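Asker: Go ahead and model the full structure; you've got the sequences and the hints to work with.
The listed protein sequences derive, respectively, from chains A and B. Sequential numbering from 15 applies to the first sequence in my numbering. Sequential numbering from 1454 applies to the second sequence in my numbering.
Some clues are possibly wrong.
Stated by the list, open to error - Estimated spans, in silico, between C-beta atoms of each pair:
| id | chain 1 | residue 1 | chain 2 | residue 2 | range |
| --- | --- | --- | --- | --- | --- |
| 1 | A | GLN100 | B | ARG1472 | 23 to 33 Å |
| 2 | A | LYS216 | B | ARG1472 | 24 to 34 Å |
| 3 | A | ILE230 | B | GLY1460 | 52 to 62 Å |
| 4 | B | PRO1720 | A | ILE74 | 55 to 65 Å |
| 5 | A | GLU130 | B | GLY1460 | 14 to 24 Å |
| 6 | B | ARG1652 | A | TYR90 | 21 to 31 Å |
| 7 | A | ILE74 | B | ARG1472 | 39 to 49 Å |
| 8 | A | ASP101 | B | LEU1478 | 29 to 39 Å |
| 9 | B | ASP1653 | A | LYS216 | 30 to 40 Å |
Stated by the list, open to error - Straight-line Cα separation of at most 27 Å, BS3-like style, residue types lysine-lysine; simulated pairs:
| id | chain 1 | residue 1 | chain 2 | residue 2 |
| --- | --- | --- | --- | --- |
| 10 | B | LYS1599 | A | LYS103 |
| 11 | A | LYS103 | B | LYS1669 |
| 12 | B | LYS1743 | A | LYS84 |
| 13 | A | LYS148 | B | LYS1669 |
| 14 | B | LYS1599 | B | LYS1581 |
| 15 | B | LYS1645 | A | LYS103 |
| 16 | B | LYS1599 | B | LYS1586 |
| 17 | B | LYS1519 | B | LYS1541 |
| 18 | A | LYS41 | A | LYS84 |
| 19 | B | LYS1645 | A | LYS70 |
| 20 | B | LYS1669 | A | LYS84 |
| 21 | B | LYS1743 | A | LYS28 |
| 22 | B | LYS1586 | B | LYS1541 |
| 23 | B | LYS1581 | B | LYS1557 |
| 24 | B | LYS1541 | B | LYS1528 |
| 25 | A | LYS211 | A | LYS41 |
Hints are computed from structural coordinates only; laboratory data are not their basis. Given the structure is predicted, the values throughout are model-derived calculations rather than measurements. Quick reminder that beta carbons are idealized off the backbone N, C-alpha and C, glycines included.
Each chain, letter by letter, is given below.
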Amino acid sequence: MIRMFHVYKNYSNKILALHDINIHIRKGEFVFLVGPTGAGKTTFLRLIYRGTVPTKGQVIVDGLNIARLKPNYIPYLRRNIGIVFQDFKLLYNRTVYENISFGLKAIGATNFEIREQVKKVLNLVGLERKKNVKPHLLSGGEQQKLCIARAIANEPLILLTDEPTGNLDPDTSWEIMQLLFHINIRGTTVIMASHDKLMVDKARKRVVRVERGRIIEDTQRGIY
Amino acid sequence: MIFENVGFYFREALLSFRRSALMSLAAIISTTTILIIVGVFLLISINSSLFLKNLESQLEIIIYLKDDIPKTEVKALEDNLVSINGIKEIKFVSKEEAYQRLLKDLGDQRDILNAIEVNPLPASFEIKIKDPKMIVQIANQVEKLKKVEEVEYGQGIVERLLNFTYIFRIVGILILALLVFASILIISNIIKITVYARRDEIEIMSLSGATHWFIKWPFVIESFLQGFISAILTILILYNFYFFALNKLQQAVPFLPVVWEKVELLPIGLIIIALGSLVGILGSMFSVGKYLNV
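Answerer: See below:
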C-alpha cells in the first residue's frame, strides 16, 4: 500500500526533516509512528497525502508515485486517504453534520450518498445525537471523533492520524483507539503518529520509531 | 464538470454570502467606494476632454487680403485654399461685411467710425481647420499665397494652448491609468481578505480530494457577484449625482460645454462593471489558488 525508498526531505535552509527512509506498509496494517516532537513524524504523513514532495527518493502510495504525480491527480490520490489532524481543522461555523458532508460534497457525492454516509459514520463514532451541534460545543474527545468520522466518511484505503490522543484523558484516548482499531479491522490501513506511551504499549501493534529524521526501530507488536 | 455542479456552486456562493454577511457587506462597500472614485474621475475627464475639444475647435486662421484684389483673384485664391489639406471650412468676409460686423460690435460707440471716410477694413477669409495641431503649418502655407496681406491665428497663444491641452490629456491618462491600477490592487486585496477568512475551508476541501476548479467556482461566483453588485451600486450613485451636479453647474456657468448624452456615458458604466466583476473573478481565482497548494 505504501512504500518509501531512500526518501530524503529537506525544508528550506537545509533543515533535514527525513533522512534515508525505507519502509513498506501493507494493506490493512496498523502502524504507530513514534518519536519525539520534531522527529519528522508529521513530514512522514505529509509525504503520503502529497502535502509535500520528497527531496530525494521515491514514495509510492496505492501504486502512485508521489514525486511524479501531476497536480491534476492529487485530488484523486486524496480521495483514498483520510486525514485526522493534530489541530482538528474543523469548520466551526458549520454543524457536525455539515462538517462531514462538506468533504463528501467536495468529491462530488450525491445528496443521497451523503445522507447515508454521514448517518453511518456518525453512528460509528457515536455522535448521531449531536449532528446539529456546532463543533465548539463538543468536548475534546467528541471533536476528535468528529475528525475521525469526517476522515473515514468516503471509506478511504488509508487513514492517517496525527496525535489523535494528544490532549485527551486515558479513558477517552482508549475510546479513540478502539474506534481506530475498529476502522482498521474493516480493512483500512491506519498510520498513527503518537507519543502516547500508554496507548502504544497497550495496543501491541507495529511500532516505527523515528528520531532526527531516521527510522531507528521497526518492530511488530512493539512498545514505545 | 462545471455544469453538473452549477447548482452547488451557486448555493455555496450565496450561502457564504449569508454566512459572512458582514464581510461581504464590507467588501461591497469598499469596492463601491473605489469604483466611485474611478467613476468620478472618468466623468471629469470626459467633460474636460469635451471642453478642450470645444476650445480647440474655436481656433481659426484669418487671412487678410490686399485691398487691391479683384473679384476673380478672390475666387482663384479660394480655390487654392480648398486644395490645401486639413481645412474644414472656408468663409469669405468682404470689406463691406467686415464693416457691418464692426458696426454691430461697436454698438453705441459706432459714432467713432464717422471720423473715417473710407472703409479701412480688409476683406478676409476665415478658415476652420480639422486638426488643431496643424494650425501653424497651414498658416505658414497660406502666408505664401499671392495677394495675402497678413495671416493671423493667435500666434503665441495657440502654441501655448495646444501645449496645455496636450499636457492636460497626458496627465489625465496617467492619473487614470494609476487609478485603475490602484483600484485593481485594492479590489483584489479586498478579495484576498475574504478568501483568507475561509482558507480553512479551502484546505479541508483540498485535503478531502476536491478538484481545484470545484473549490474555486463558489469563490469566483461570490466575488463576481460582489464586484457586480458594487458596480451597479456605483453606477446608480454616480448617475444621480452626475445629473444633479450638472444641473447645478449649468446654473452657475451656463455656457460650459458638458456631456448630457447618456449614450456617451455608457462606456464609463461598462468600464466600472468590467473593473468590478473582472477583477473579482480574476482576483478570487488567484487568491484561492494560493491556499490550494497544501
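Asker: Measure nothing beyond the straight line between the CA atoms of B:LYS1645 and A:LYS103; if it is 27 Å or shorter, mark the hint as holding.
Answerer: Holds - the C-alpha atoms of A:LYS103 and B:LYS1645 are around 21 Å apart, at most 27 Å.
Asker: Please verify whether B:LYS1669 and A:LYS84 have alpha carbons no more than 27 Å apart.
Answerer: OK: B:LYS1669 and A:LYS84 at ~19 Å, within 27 Å.
Asker: B:LYS1599 and A:LYS103 were given as a pair; does the straight-line alpha-carbon distance stay at or below 27 Å?
Answerer: violated, 92 Å
Asker: Assuming the hint says 23 to 33 Å, is it satisfied by the Cβ distance from A:GLN100 to B:ARG1472 or not?
Answerer: holds, 26 Å
Asker: Between B:LYS1743 and A:LYS28, is the straight-line Cα distance small enough, at 27 Å or below?
Answerer: Since the Cα atoms of B:LYS1743 and A:LYS28 sit roughly 24 Å apart, the hinted pair holds (cutoff 27 Å).
Asker: CA of A:LYS41 to CA of A:LYS84, is that 27 Å or under?
Answerer: Between A:LYS41 and A:LYS84 the Cα gap is close to 24 Å, so the pair holds against 27 Å.
Asker: Are the Cα atoms of A:LYS211 and A:LYS41 separated by 27 Å or less?
Answerer: holds, 25 Å
Asker: Is it true that the CA of B:LYS1519 sits at most 27 Å from the CA of B:LYS1541?
Answerer: The given pair, whose Cα atoms are some 24 Å apart, holds under the 27 Å limit.
Asker: With a cut-off of 27 Å on the C-alpha distance, tell me whether B:LYS1599 and B:LYS1586 pass.
Answerer: Status holds; Cα separation ~25 Å.
Asker: Quick check: does the Cβ-Cβ distance between A:GLU130 and B:GLY1460 fall within 14 to 24 Å?
Answerer: With a Cβ separation near 20 Å, A:GLU130 and B:GLY1460 satisfy 14 to 24 Å, so the hint holds.
Asker: That 52 to 62 Å hint for A:ILE230 and B:GLY1460 (C-beta), does it hold up?
Answerer: Cβ of A:ILE230 to Cβ of B:GLY1460: about 53 Å, so the range 52 to 62 Å holds.
Asker: Looking only at beta-carbon atoms, does the pair A:ILE74, B:ARG1472 fall within the given range of 39 to 49 Å?
Answerer: holds, 41 Å
Hint check: violations occur at hints 2, 10 and 19; the rest are consistent with the structure.
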